[in-house]
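Engineer: Residue strings, one per chain:
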Amino acid sequence: MGYVAVTGGQEAIEASIELLKEYRAKGCQELDIQVVRDRMALLIDRIMSEAGLYAPDYAALALKQCEGSPEEAVFLLRAYRSTLQRNYVSKTVSGEDMHIRRRISSAFKDIPGGQMLGATYDYVHRLLDFSLKNEKEEELEAWRDSFVQSHAQNEYVTLSDTAPRVLDLLRAEGLLEDVEEDTSEPCDVTMEKLPLPAPRSAILQTLTRADTGFVSGLAYSDIRGFGMSHPTIGELRYGKLSIEVVYPLDEEESWYVGDICVTEVEGLMGERPDKSGIGVGYGCVFGRNDTKAIAMAVLDHALTLDIDSPTSDMEFVLLHGDCLEMNGFISHLKLPHYVTFQSKLDSLRHRKKEGNWK
Amino acid sequence: MEKKRLSRILEKTEGAILKELAEPLIEKYPVQVLRKPSKTMVMIRMRETVAKTEFYLGELLACEAMVEMNHSRGFALMAGDDLEKVFYGAVLDAACNMEYPQKEELLRRLQALEKELEEKEQQEIRMHQATKVQFETLDTNY
Chain A
1 MGYVAVTGGQ
11 EAIEASIELL
21 KEYRAKGCQE
31 LDIQVVRDRM
41 ALLIDRIMSE
51 AGLYAPDYAA
61 LALKQCEGSP
71 EEAVFLLRAY
81 RSTLQRNYVS
91 KTVSGEDMHI
101 RRRISSAFKD
111 IPGGQMLGAT
121 YDYVHRLLDF
131 SLKNEKEEEL
141 EAWRDSFVQS
151 HAQNEYVTLS
161 DTAPRVLDLL
171 RAEGLLEDVE
181 EDTSEPCDVT
191 MEKLPLPAPR
201 SAILQTLTRA
211 DTGFVSGLAY
221 SDIRGFGMSH
231 PTIGELRYGK
241 LSIEVVYPLD
251 EEESWYVGDI
261 CVTEVEGLMG
271 ERPDKSGIGV
281 GYGCVFGRND
291 TKAIAMAVLD
301 HALTLDIDSP
311 TSDMEFVLLH
321 GDCLEMNGFI
331 SHLKLPHYVT
341 FQSKLDSLRH
351 RKKEGNWK
Chain B
1 MEKKRLSRIL
11 EKTEGAILKE
21 LAEPLIEKYP
31 VQVLRKPSKT
41 MVMIRMRETV
51 AKTEFYLGEL
61 LACEAMVEMN
71 HSRGFALMAG
81 DDLEKVFYGA
91 VLDAACNMEY
101 PQKEELLRRL
111 QALEKELEEK
121 EQQEIRMHQA
131 TKVQFETLDT
141 NY
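If you read the protein sequences in the order shown, they are chains A and B. The first sequence begins at 1 in our numbering and counts up one residue at a time. The second sequence begins at 1 in our numbering and counts up one residue at a time.
Bound conformation, chain A alone (with noise of 0.2 Å):
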């Protein structure tokens, strides 16, 4: 189908644009944006998983600039990062070096190191808490303080975050599926067009930045009876990566850039029938999103499958979950079609004129 541009229209669009502003400064507190980045974290970390970028501050700022549009703001962090220069890639990091504050497993009781909840609302009662609309922030740091204090040291014992991985266990025993080990250089598909069928490195980079709603929902559809996962959570663990580089002084040396957040899954995912082992599916994301890592391992495993069904066709998952792209794909269905529409309203009207009509 050929598109016809259209012209005109540029002082409605500016006034538009000048409402937009209208409807953005609403009411009369000032909306700061350390507040945006401190107390709406779950949805700054989503918004930079789904941009690709880690940039809290930046990620509060865009949600700011769009009246907390998570596809607006994924729009904006993107359109900004392709105006930065890439000048270092980080020394290869894993999930076994990771601070953890969260750590659970839905397979094993017990596992070396423990099961650490961390911060999670899995248990907590999902009941409005009316207190919060006349909460003061006096008493909120005051709570803060003694929350601290009463979890101050009494001793001198020094505290690791670390812990081995859970299923290295079932690896030593050779339960795991047996899977040829990946040695090839990462595709990158910021960079390139992505090929199909498509590299581990591309899947995993694909769905890792993907729409959190758009995997968790083929994930569901998937675990539900459209493909042949049934998960067991071997281990889901949250917390802190340290960032480092080569020091381009000496490249003998490490320099820290930073610490990361991010959620790391594998996830138990069964036999297939030509395989002995359990297969194993791969989620890692941004920041604290338990449901986009795990849903990310489901769909990891469903695309090594070959079987007929959604999940496991590389090009209906890989090319359709990307929040700008799909939204962006949506959204153009609003600008003005009207040469195009009127071209099938012609053909409609000459079929029904000559009797070609059912």
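Errors might be hidden in some of the hints.
Cross-link-like lysine-lysine pairs, in silico, BS3-like; alpha carbons within 27 Å at most [as the list claims (entries may be wrong)]:
(1) Lys-120/B - Lys-91/A
(2) Lys-28/B - Lys-91/A
(3) Lys-91/A - Lys-39/B
Please keep in mind that the hints were generated in silico from the structure rather than gathered at the bench. This structure is a prediction, so every number in the text was calculated from the model and none was measured.
Given the coordinates of chain A, assemble chain B onto it according to the supplied hints.
Structural biologist: The following block gives chain B in isolation, referenced to the frame of chain A:
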């Protein structure tokens, strides 16, 4: 001091403190900016566990600077966009790369900052370790 250790202290310390440490050096020694403080990105390369595939997790917004002070080079690259802080970080790295009378004093200050950071980290770990859980299975079959 190892660069990995120094850079961790610099990144986790407030910019105002780095400024306080760097300014006497800037007054004393000529500083030439080799790479103007500017924003950049670091692509994060990660290894997963199934096939040990390396993949790109995403990019980290960062800022970088490079200086030369008294014929000694210094570099800094820090997460975020604090251009002033990264400049002072590069000056302090240059200071660690050169020999001068007050170097021991600078290293002592950096070590003291490192101790404070470690204590904060231990506090954070303690807060989280309170959520360690031991589930028990019941003798009930469903």
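Engineer: Does Lys-91/A sit within 27 Å of Lys-28/B, going by the straight-line distance between their CA atoms?
Structural biologist: Violated: Lys-28/B and Lys-91/A sit about 36 Å apart, past 27 Å.
Engineer: Has the given pair, Lys-91/A with Lys-39/B, been kept, meaning a C-alpha gap of at most 27 Å?
Structural biologist: 19 Å, holds
Engineer: Would the pair Lys-120/B and Lys-91/A pass a check requiring their Cα atoms to be no farther apart than 27 Å?
Structural biologist: 26 Å, holds
In summary, the one numbered hint that this structure violates is 2.
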